[in-house]
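**Student:** Sequence order for the protein chains is W and P.
Under numbering that gives the first Met the number 0, residues 0 to 505 are what the first sequence spells out, in order.
Under numbering that gives the first Met the number 0, residues 0 to 273 are what the second sequence spells out, in order.
These aren't lab readings, by the way, just hints derived from the structure by calculation.
Please note that a few of the clues may not be correct.
Stated by the list, open to error - Straight line, CA to CA, 30 Å or less: simulated BS3-like cross-link-like pairs of lysine-lysine:
#, chain 1, residue 1, chain 2, residue 2
1, W, K373, W, K349
2, W, K8, W, K373
3, W, K349, W, K494
4, W, K75, W, K109
5, W, K109, P, K186
6, W, K373, W, K494
7, W, K349, W, K109
8, W, K494, P, K40
9, W, K494, P, K127
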Amino acid sequence: MSSRILQVKNGEAVEARAVPRLSVDDLQGLVADVVTAGGRVAALYGREEAGELLVTAVLPNDREGTLGLLSAPVTKEWPSLAPECPAVQLFERELAEQYGVVPRGHPWPKPVRFEHRLGGAGPDAFGREGPRADIPGGYPFFAMEGEEVHEVAVGPVHAGIIEPGHFRFQCHGEHVFHLEIVLGYQHRGAEGMLVGGPTARTVSLLESVAGDTAVGNALCHARAMEGLAGVEVPPRAAALRAVALELERLANHVGDLGALATDIGFLPTASYCGALRADFLNALAEICGNRFGRGLVVPGGVRFDLPSDAAARLAGRMEEAFSRVEDAAGLFFDSPSSRNRVDGTGVVPKETAQALGLLGPAGRASGLQVDARKTHPFEPYSSATLPMVTLEAGDVHARARIRFDEARASAAFVVQVLRQLPEGPVRAPCPAPRPGRLAVSLVEGWRGELVHAVTTGADGRFARYKLKDPSFHNWMGLQLALRGEQISDFPLCNKSFNLSYCGYDL
Amino acid sequence: MISILRTRLRLGSQTIAYPDGPARFPERFRGRPALDAARCKAGCAECAAVCPTEAVGGAGTSDLSIDLGRCLFCGLCQEACPEGAIAFGRDYRLAARTREELVARGDVPLLAQALGAEMQRVFGRSLKLRQVSAAGCNGCEAELNATGNVQFDLGRFGVQFVASPRHADGVVVTGPVSENMLTGLRKTWEATPAPRLLIAVGACAISGGPFAGSPVCRDGAVGAIDGVPVDLFIPGCPPHPVTILDGLLRLLGRVQGNDLRLTGTGIVAAEPAR
Ligand code: SF4
Ligand code: SF4
């Protein structure tokens, strides 16, 4: 079996043609084997080469810290693996939308993000031909029938300042039987725009794939580029990048704890966490001038150094900031009225989480051991003692608690790294990518594992840039979390996942 | 309850002093750029070559400019310029009423003008806005949300984001306006009663930003809704919450001219009385 899968390290580049080329049957068989054995699929995506569609699978081995690569040429259709492996259902739909490959026997053959075809000609697998009038929402919704069953439709424009998406509930009174989420409103054609790069635009575009994960995506990209060029970043750069990644995690986790408190009307935590989140954003701005860490991480290192005395001062302030978070968020976890709302709400059992391949805090709250910082680490994570925090309950409380506990671990990590910044430069030259290579880069962003799978053509330019946000897996988790719940608990469940619309829509 | 009060005491008041007093920006914050075209060497285009969004105009000529509507404030052009002709300062006042006024030249800021007297009368004391994210990346959305938190507290000025377009006096657009969101944006606009304002926040909504030229986006809000001009542009990627506050307050005529200025430490102070 091993010769049919090429094992590589996170971020390591290999010759694209060294990836084993199997038949569709063999590829699907190996994917099914890995999933049945408790493994997962990090990516399953198409790429056109010499007029042929090649599907590549990325199968992480979380115990060994390697990524298994394999591929198969696919024509107009293939048998769907989704009935056996629900974790691949969305990958197959994406292949249908992007390349017109029909997954025969797929139980849920629907568009993913109302994207135009990336490759091939003619109508896509849903019979659509662009330019077309279809927009998200023009969609075969799952519907229930019965005299007392009713539908509730929400979105794309929601009540608050929030990205657009459409939620369709099948209800009986307050009781939700089923929730279906349709996305695609945010589709900007990111993958298509990246082809032919790198250009002066590439890094900014990737920082904008999901603006709340700007550091995560910039880092994921930089590591892929360094792999493709065959360079190492200086230790001080690696340390500063990790600080930025954890500050991004802290800002989002703390902000979301506040937002959860808002949704249940628990005002002390709501207002303080909203303001405390800013301490972490402002720390990023102190390092690079931008509150979201934009412009900091580039291939080869970082653009801004932090003098060691400033780093020590920042460490002190972060320590202080997190002790305030302990107070503000602690109130929420100690208050019986808030616990009453979050305990046992929106449960995703471990088996479901496993079957869907949930990632990040959502997966860890249901007991999955998924954290790329631990399983596919790079420096300084490989030598750090950052714990992997998991819980079993899989409810709103667990998803909130995970954020709190992880934020604490991140704060300690940030303080420690800032106090011991390695000496030396913060940037090394990063030459152009080598031609004909594939690098798969994994970074644990605050929502979970980000994947950038980058293939260069004979000219060294991006022939295919596959992006995956953890939300790609996790939106289905939210839909299942709502089953059997009260519709009024939707905001709370939604916030406990806080998934990315644009990261999914690309 | 006791612990809530104790936490309240420990955390204190969080609201920034702006606009009555200072708004603080970190040292490396990049606000309005000052351009010194006299330093440009003929034929040089280092700045334009590194710019992600083709925001630099007239590189290597006496007409060096930066289109703040396209600019992401990444500072790469400043880093690339061998002559020191571009310097991003900490002036956070970036909003403008027209697309042309966003093109920065030299080092004198063009500040956004207030609405006419009649519109000021209608909206000056109370402005309700409906936000529509049309493929915004959640950066601009996050900063718009931040304007409402206890720190920036937009509500102090009678400005509020509301849930229904029926209750709104205007629509705030973020994002490059994807095809897939065009209908949603237009319907929201139609549902907003006149007189109404259209406000574009962020490089994406002004020019497409990093997604300018995308085959599935509209390069922002300009022209996205037939015959509807944009009343206020607030640049940035994303704009700082204080830049957003400042833009809205200038539009309403609540902050005018130079009566707030930046000191060397990046602190905004009221101009001393003469
Ligand atoms: S700061 Fe603005 S003008 Fe300068 S390179 Fe960046 S985007 Fe272009
Ligand atoms: S302007 Fe920048 S922050 Fe705002 S939506 Fe566009 S990419 Fe995101």
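**Student:** A separate judgement is required for each hint: does it hold in the structure or not?
**Tutor:** Each hint, compared with the structure:
no., hint, verdict
1, W:K373 <-> W:K349, "20 Å, holds"
2, W:K8 <-> W:K373, "13 Å, holds"
3, W:K349 <-> W:K494, "20 Å, holds"
4, W:K75 <-> W:K109, "17 Å, holds"
5, W:K109 <-> P:K186, "25 Å, holds"
6, W:K373 <-> W:K494, "26 Å, holds"
7, W:K349 <-> W:K109, "26 Å, holds"
8, W:K494 <-> P:K40, "53 Å, violated"
9, W:K494 <-> P:K127, "25 Å, holds"
The structure fails to meet hint 8 from the earlier list, while all remaining hints are met.
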